[in-house]
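**Q** Residues per chain are reported as follows:
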Amino acid sequence: MNQKALQAGPVDFLLAALSASCAVYAAGMGVYKPSIALFAVGGVVVGALVGFLLSTMVPSLRTGGSFLYVCAVATAVILAPALNRVLPDGGFPDMLVIAAVLIWMAILGSFFAWSESSLLFQSVPSVALFGMVGAWDTFAGAKWLFYLYIVLTAALLARAQRRLMLRYAQAAGVSSEHRLELGPWRGKAGPLWFAAMAGGVLLTGLVGAPVIQQTVEPVTRNLGVSLPKAVVTPTPTLASSSPLTESSEYRVGKGPVFLSKAELMRLDLDEPGPVYLRAFSYEAFDGNRWSKDLGQVSPMGGFGRWNPISPSARARNPDLGDAAVHLREIRYQFRVTGMLRGSFPAPGALVELQPLLARGQRWRASDISPGTLTFRATALAPDPDFQPTEAPRFLPEDLFRGVYGRSDESTARVRQFARRVTQGAKNDYDAALRLERAIGEQALYNTDAPAVPSGENAVDWFLFESKEGYCDLYASAMVVGARSLGLPARYVTGFLAGQEKDSRDENGWLVVRESDAHAWAEVYFDGVGWVPFDPTTYAQVKNGDTSADRQTPAWWRSELGRKLIVGGLAGTALLGLLFGLVARPKPKAAARGPLPDRELSKAVSAFEAALRAAASRPRRPCETLAEYADRARPSLGPVADEARELAAALERLLYAPPESAGDQPRDLAARAHALRRAARQAARSRKVT
Amino acid sequence: MTSELRNVSSIALTTSAMFLIVVAIALNSPVLFSMSSAMLGLLVVAHVQARLSTLGLRLRRRPMPTVRQGESVQVEIEVWSERNMRRPLVTVQDRLPEALRAANVSPSVPVAPAPGERCVTSYRLRPMRRGVFRWSTVEVTGSDPLGLIRFTKLVRVDPEPLTVLPAPIPFPLRLPRSAGWGGGEADHGPSRGSGVDPRGVRDYQDGDSLRHVHWRSSARSGKLLVKEFEVGLYADATVFVQSSPGTAANVRGHVALDLLCGFAAYLAESFLGQGLEVHLPGLEPQGRKTPPQMRLLEALRELASLQPSPEPLGTRVAAQIGSIRPGSSVYLFLAEADETLPHTIRMLRGRGCSVYALALPPASADPRLASCDTEFLAYLREAGAEASYLPEVPEP
Chain A
1 MNQKALQAGP VDFLLAALSA SCAVYAAGMG VYKPSIALFA VGGVVVGALV
51 GFLLSTMVPS LRTGGSFLYV CAVATAVILA PALNRVLPDG GFPDMLVIAA
101 VLIWMAILGS FFAWSESSLL FQSVPSVALF GMVGAWDTFA GAKWLFYLYI
151 VLTAALLARA QRRLMLRYAQ AAGVSSEHRL ELGPWRGKAG PLWFAAMAGG
201 VLLTGLVGAP VIQQTVEPVT RNLGVSLPKA VVTPTPTLAS SSPLTESSEY
251 RVGKGPVFLS KAELMRLDLD EPGPVYLRAF SYEAFDGNRW SKDLGQVSPM
301 GGFGRWNPIS PSARARNPDL GDAAVHLREI RYQFRVTGML RGSFPAPGAL
351 VELQPLLARG QRWRASDISP GTLTFRATAL APDPDFQPTE APRFLPEDLF
401 RGVYGRSDES TARVRQFARR VTQGAKNDYD AALRLERAIG EQALYNTDAP
451 AVPSGENAVD WFLFESKEGY CDLYASAMVV GARSLGLPAR YVTGFLAGQE
501 KDSRDENGWL VVRESDAHAW AEVYFDGVGW VPFDPTTYAQ VKNGDTSADR
551 QTPAWWRSEL GRKLIVGGLA GTALLGLLFG LVARPKPKAA ARGPLPDREL
601 SKAVSAFEAA LRAAASRPRR PCETLAEYAD RARPSLGPVA DEARELAAAL
651 ERLLYAPPES AGDQPRDLAA RAHALRRAAR QAARSRKVT
Chain B
1 MTSELRNVSS IALTTSAMFL IVVAIALNSP VLFSMSSAML GLLVVAHVQA
51 RLSTLGLRLR RRPMPTVRQG ESVQVEIEVW SERNMRRPLV TVQDRLPEAL
101 RAANVSPSVP VAPAPGERCV TSYRLRPMRR GVFRWSTVEV TGSDPLGLIR
151 FTKLVRVDPE PLTVLPAPIP FPLRLPRSAG WGGGEADHGP SRGSGVDPRG
201 VRDYQDGDSL RHVHWRSSAR SGKLLVKEFE VGLYADATVF VQSSPGTAAN
251 VRGHVALDLL CGFAAYLAES FLGQGLEVHL PGLEPQGRKT PPQMRLLEAL
301 RELASLQPSP EPLGTRVAAQ IGSIRPGSSV YLFLAEADET LPHTIRMLRG
351 RGCSVYALAL PPASADPRLA SCDTEFLAYL REAGAEASYL PEVPEP
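If you're matching them up, the sequences are chains A and B in order. 1 is the number of the first residue of the first sequence in the working numbering; add one for each residue after it. 1 is the number of the first residue of the second sequence in the working numbering; add one for each residue after it.
Hint data in this document are derived by calculation from the structure and do not stem from the laboratory. Be aware that one or more of the hints could be misleading.
[Stated by the list, open to error] Negatives, chain B to chain A, calculated, CB over 10 Å:
{"#": "1", "residue": "Pro-30"}
{"#": "2", "residue": "Ser-53"}
{"#": "3", "residue": "Thr-66"}
{"#": "4", "residue": "Arg-86"}
{"#": "5", "residue": "Pro-110"}
{"#": "6", "residue": "Glu-117"}
{"#": "7", "residue": "Glu-160"}
{"#": "8", "residue": "Val-213"}
{"#": "9", "residue": "Ser-221"}
{"#": "10", "residue": "Val-255"}
{"#": "11", "residue": "Gly-273"}
{"#": "12", "residue": "Arg-295"}
{"#": "13", "residue": "Gly-352"}
{"#": "14", "residue": "Pro-362"}
{"#": "15", "residue": "Ala-383"}
{"#": "16", "residue": "Ser-388"}
[Unchecked claim] So the derived label-pair ranges between C-beta atoms look like this:
{"#": "17", "chain 1": "B", "residue 1": "Pro-394", "chain 2": "A", "residue 2": "Thr-56", "range": "43 to 49 Å"}
{"#": "18", "chain 1": "A", "residue 1": "Gln-214", "chain 2": "B", "residue 2": "Asn-84", "range": "47 to 53 Å"}
{"#": "19", "chain 1": "A", "residue 1": "Gly-42", "chain 2": "B", "residue 2": "Glu-71", "range": "55 to 61 Å"}
{"#": "20", "chain 1": "A", "residue 1": "Ala-5", "chain 2": "B", "residue 2": "Gln-74", "range": "38 to 44 Å"}
{"#": "21", "chain 1": "B", "residue 1": "Ala-99", "chain 2": "A", "residue 2": "Ala-626", "range": "48 to 54 Å"}
{"#": "22", "chain 1": "A", "residue 1": "Ala-5", "chain 2": "B", "residue 2": "Glu-71", "range": "36 to 42 Å"}
{"#": "23", "chain 1": "B", "residue 1": "Ser-305", "chain 2": "A", "residue 2": "Glu-651", "range": "53 to 59 Å"}
{"#": "24", "chain 1": "B", "residue 1": "Pro-170", "chain 2": "A", "residue 2": "Ala-626", "range": "42 to 48 Å"}
{"#": "25", "chain 1": "A", "residue 1": "Ala-358", "chain 2": "B", "residue 2": "Val-48", "range": "43 to 49 Å"}
{"#": "26", "chain 1": "A", "residue 1": "Trp-144", "chain 2": "B", "residue 2": "Val-44", "range": "53 to 59 Å"}
Every residue, glycine too, gets a C-beta built ideally from N, C-alpha and C.
Extracted from the complex, chain B is given alone in its bound form:
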């Protein structure tokens, strides 16, 4: 409140000085001339000093860390002076892109770099959208030592990217049935590549193929048991996030694509937490091997950089179908109806994949978004997918 009040007081001071000088002229009063001149003198000197405070400043942005959506991040900017002069304190503030939806932006540390020295100013913000953001304009605001007059100068600096990872949005997720049986060990551990030798048996669950029933064990135990061979066969999750132009539309205050990425991030976090694999075909290069502990960060980075593209999801999945391991679970995150999908789903089913189509509930009145209605979901089910709606996300 104080800074606003002082802005008002500088305006009031200017106005009253001008008023006094008019009255001084009308009354020919030497005292009023003296007072108004002194006030004007103060304001003129304050103006000059405010301008001098931003003179000869140079800035460089320091690399920014990767941060999760909604988390606080500290932005650092190096400031130094090319003039051999002292100056009143200046504040440095980025002109942040609107797409970042920055919240809780703190003021920056005021600085007055001494001649020939570099100092660092920083401020904090909470990015509320995932993405990779770059900006270059910085506002340098200086004032006179009394803070009466403020002068803002725009400076362009080399942009450094700020990667904002999507915040996982929980939803009811059923892990693949073969999961939980040492999949991680089978894939990365000593038993990796052990072929078709059954590692053991487990209880039969709905959906298990009768071909895998271990009849001998079942007869002995009196209940159906299935062979668990080649652990992880059904444990791979292949994730596709729809990024058609319509996904840029708003759904209850959120960008649809951001919601899809948030749900996909939750899925990736859940799967990787269980030691299972997650693939993002089309977003990441094939054959890249990342240490398990880095895999989640890598996946989230890929989701953070996902931008709307004109290619329909069905076409994209079809193009990547060769890289999808047969028998794996394919998760399709949808925001709008896509006529090419049923055909692609049939192709996936033909490869023995389980397909899960997870769609945002129809809510948007945005004409850009053709929501997935129940009819479309039924259409997908006909094609062999398990289609369901994702939960609604409350407005921010």
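The following block holds chain A by itself, in its conformation from the complex:
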């Protein structure tokens, strides 16, 4: 038996690396840190490559290297906090340090996964990582990556199963894989079985899951499980309300939040102070979730009726409303520099958008991937010199089609609160300002606030029970409160840029980072349209150290830090190599004999083809070559004896030790080809007769 067929090969290492890469990438993207995702994928791939090369150069590692694999996995567990800090962009928050453990298990493990067992064991941290990403529910691609992971792992398992069967056969005395394929393995399950398996997985995953979810929905609703803080899904950025992705709905008050400093875009915008950059707006609220009933806001991807990139004339943005006349025009340029999807955040209602293209350069609206392309844009924002007073009581149907009046939107306490704090207001605008301040002062700003328990109205819980939270709950409370007063309001997500000292680059462009993600409310007033209201500006911060402020450790950013890490990884690999060299067995004196199997199988195939040409029937699997020759004898004519002799020679060689074959297979193949020609001639002459 060819020893290579019994051991994991490059394809297995590749499959293991790819499947682990799916998991670590999903984990990195699940916390909106592409740098972690790419770092981990790179680590896994490099590890798999190093592991494969080591195990190829030092075969003894495949059997004796499990100890080092265990050490690597144990290192990932024991040094979890330190290794987490090694990850780029500050790593995972402390609460999610287990994700860092799993990622490092995958990375370090891939360096030392030399044996088949350890290659298979690599799937354990991957499954756990996918479980975590699924619980966070923050990365839309996680589901598809999981399916890909399942397929890759299935392929890895199937190959391992085949090797196991080969080892069984070898232990039972079979010495040739070729003979197995010709004999007892002829009825082996083929691709249809794998297709059935893949179909089952897809069917249950895509079709079955929603059915199961709907079936258990009463249970889910009535569970009323309030997960403890440590278990509550920690959601990166603003839960699913992230301005990075467009979503038709999302939950507010999902628990602790953490944001990276990853850069997303740069704007050449001369606006003093912080700037609100609107990305998405949501209208309908059911007490816990906002949904996008109108679905018209996204200027990218969801253009619908409105296209700001109209080359002919300035487009009319329906977001402005009919009554908005006191507006000022903001002209600016911007460049996408990070993972921004689904929208171009704008400092108002976007009315014009032009990519600055070089001659011959093309651009598609769906392509907003990071690059050097610069856009010129114009947005309309409320004129700061105009003081609005009243909100319209009769709203344009286009904008407010049946999104108000939901009974589950607010509670009596919220309505009472709104009325109380706006008593004595001079007008609607004044009422909105009073409400904004009151909500800001009602609760503490805390990015680590626990999730709102299921079944509770998020706004009610925030204002009167927990009294802590962050921008999504402040904004929700503002919208719900304003609506209870009869003011048309909506929930907006986007970025509040320009707060930090380093928010301008060397050219004076405004740098928008992931940590600038924000949510606020907008109230519609006659004459200006949507005016932003942000209660968080009045809020007191509970703990000064918000996750958004977390910095990547300086030592990691420094060249020395990076060198230390790279050196550490290289040292680990070197250690493994040294260990392998020490444990390397002395080369055996046995010379590699010729491997006649391939030549022999060619000879057998040629012989079968010769007889098939004459007998017009293939060899039965239970038939020996000699029996086949005997069966075909009447049709073979003058070459029958040669066929019988050749069959005997082939059978003798098939059961001889491979070393003793020498050049015989080649000679026999030549004889078989000659026999084939002769058999054809005999068949032709028989037909003529």
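Start from chain A and add chain B according to the hints.
**A** Showing chain B alone in chain A's frame:
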């Protein structure tokens, strides 16, 4: 290790799928529902495929060769499918009887018989006990193509006997004094049945009867020489192995009866190797003539099939005494004391037979076995037997 790991991984996969679905319900997370459902789907399909893999399989055992105790034997089983379907590879393994004490059992060649075809799977084992064994239950283990789920089905097939010959256990053996003088030729060769004519003379040895001294030759040579007439008179070995119920007891990890058979096998091998005759009265039919080259195999087969019986050895020997040739050497292999033996030994001595009582040294704490102590051996010596202990056999 890999197969064990994969058993663990299938359990881990099931557990994690169940855990994920619980969390999915708690969090109402569509992604988790999707992931856990996919994992459950994979496991369900794997279960179905594992069950399908053993569907419609038929088996037949091929006749097994006779093998010596401790030697490797290949067991072959024909497998064919009654269903027109392909299937993942299945392994076929016998549920071996414990009495066989099979060692080094290899896995069987995995098979997937194509529709309408028969294929043969085989595996190897080393039986560590002598005997004739039959078994009928076969475990057919199938799995899904990924090897995640394994499904085992028990199938009954017609049993074929496996005869395990006893492995000879050497011990100091003194061949009969008349041996070594062309006994084989005298019995089977041209001089067979030559009557009482002396074939020659040889040196006197202790125990030779003075009646056989060839005085003339002795006077000529100055030393005692005895006539060697009717060659083989003392060369026949008649072997009795004690098989009373107590011999089923263990002696230092071995079954006492197996040890006795091993010693008897050595004796038979030694005698037959010298061209002498060996008889196993009571175990083989009288008057059967077997070619010399087959005689050892036949004797070993008889020893392999020997099973404990309630009849005491003394009674058994007495019943066969008529078939024992006068003057031959009778070997009694003993494991426990038998009160009927001294009388039988006296009867044998009366027929001019030399009786050798070879006993296992007393070692067993098994209450079933009343060991042969020195007192019992003395008792046998009094009756006229040469009684001694067999060597101790180390524990396996």
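**Q** Does each hint hold? Answer for all of them.
**A** To see whether the hints hold, each was checked on the structure:
Distance check on Pro-30/B: its Cβ comes as close as 6 Å (rounded) to a Cβ of chain A, failing to clear the 10 Å threshold; non-interface status is violated. Remark: the non-interface label on Ser-53/B conflicts with the geometry, its nearest Cβ contact in chain A lying 8 Å away (cut-off 10 Å). Every Cβ of chain A is farther than 10 Å from the Cβ of Thr-66/B; the closest lies at roughly 19 Å, confirming the non-interface assignment. For Arg-86/B, the shortest C-beta to C-beta distance to chain A comes to about 5 Å, within the 10 Å cut-off, and the non-interface label is violated.
Here Pro-110/B does not stay apart from chain A, with its beta-carbon only about 4 Å from theirs, under the 10 Å limit. Residue-level check failed: Glu-117/B sits 5 Å from the nearest beta carbon of chain A, not beyond 10 Å. For Glu-160/B, the requirement that its beta carbon stay farther than 10 Å from each beta carbon of chain A is met, with the minimum near 18 Å. With a cut of 10 Å on Cβ distances, Val-213/B stays outside the contact zone with chain A, its closest approach being about 62 Å.
Annotated as non-interface, Ser-221/B keeps its C-beta farther than 10 Å from every C-beta of chain A; the closest such distance is 61 Å. Every beta carbon of chain A lies more than 10 Å from that of Val-255/B, the smallest distance being close to 29 Å; the non-interface claim holds. Annotated as non-interface, Gly-273/B keeps its C-beta farther than 10 Å from every C-beta of chain A; the closest such distance is 32 Å. For Arg-295/B, the non-interface assignment is confirmed: its Cβ lies about 32 Å from the closest Cβ of chain A, beyond the 10 Å cut-off.
Annotated as non-interface, Gly-352/B keeps its C-beta farther than 10 Å from every C-beta of chain A; the closest such distance is 54 Å. For Pro-362/B, the requirement that its beta carbon stay farther than 10 Å from each beta carbon of chain A is met, with the minimum near 43 Å. No Cβ of chain A approaches the Cβ of Ala-383/B within 10 Å, the least distance being about 54 Å, so the stated non-interface status holds. The Cβ of Ser-388/B sits about 44 Å from the closest Cβ of chain A, beyond the 10 Å cut-off, so the non-interface label holds.
Between Pro-394/B and Thr-56/A the beta carbon distance is about 46 Å. The supplied range of 43 to 49 Å therefore holds. Our hint of 47 to 53 Å for Gln-214/A and Asn-84/B is violated, since their Cβ atoms are close to 40 Å apart. In this structure, Gly-42/A and Glu-71/B meet the distance hint of 55 to 61 Å, their C-beta atoms being roughly 57 Å apart. A C-beta distance of roughly 23 Å is found between Ala-5/A and Gln-74/B, which places it outside the suggested range of 38 to 44 Å.
Our hint of 48 to 54 Å for Ala-99/B and Ala-626/A is violated, since their Cβ atoms are close to 41 Å apart. For the pair Ala-5/A and Glu-71/B, the beta carbons lie near 30 Å from each other, so the given range of 36 to 42 Å is not met. In this structure the hint that Ser-305/B and Glu-651/A lie 53 to 59 Å apart at CB is violated, the actual value being about 38 Å. The beta-carbon spacing between Pro-170/B and Ala-626/A, approximately 46 Å, falls within the hinted interval of 42 to 48 Å.
Taking the beta carbon of each, Ala-358/A and Val-48/B are about 59 Å apart, not inside 43 to 49 Å as hinted. Checked against the given bound of 53 to 59 Å, the beta carbons of Trp-144/A and Val-44/B, roughly 21 Å apart, lie outside it.
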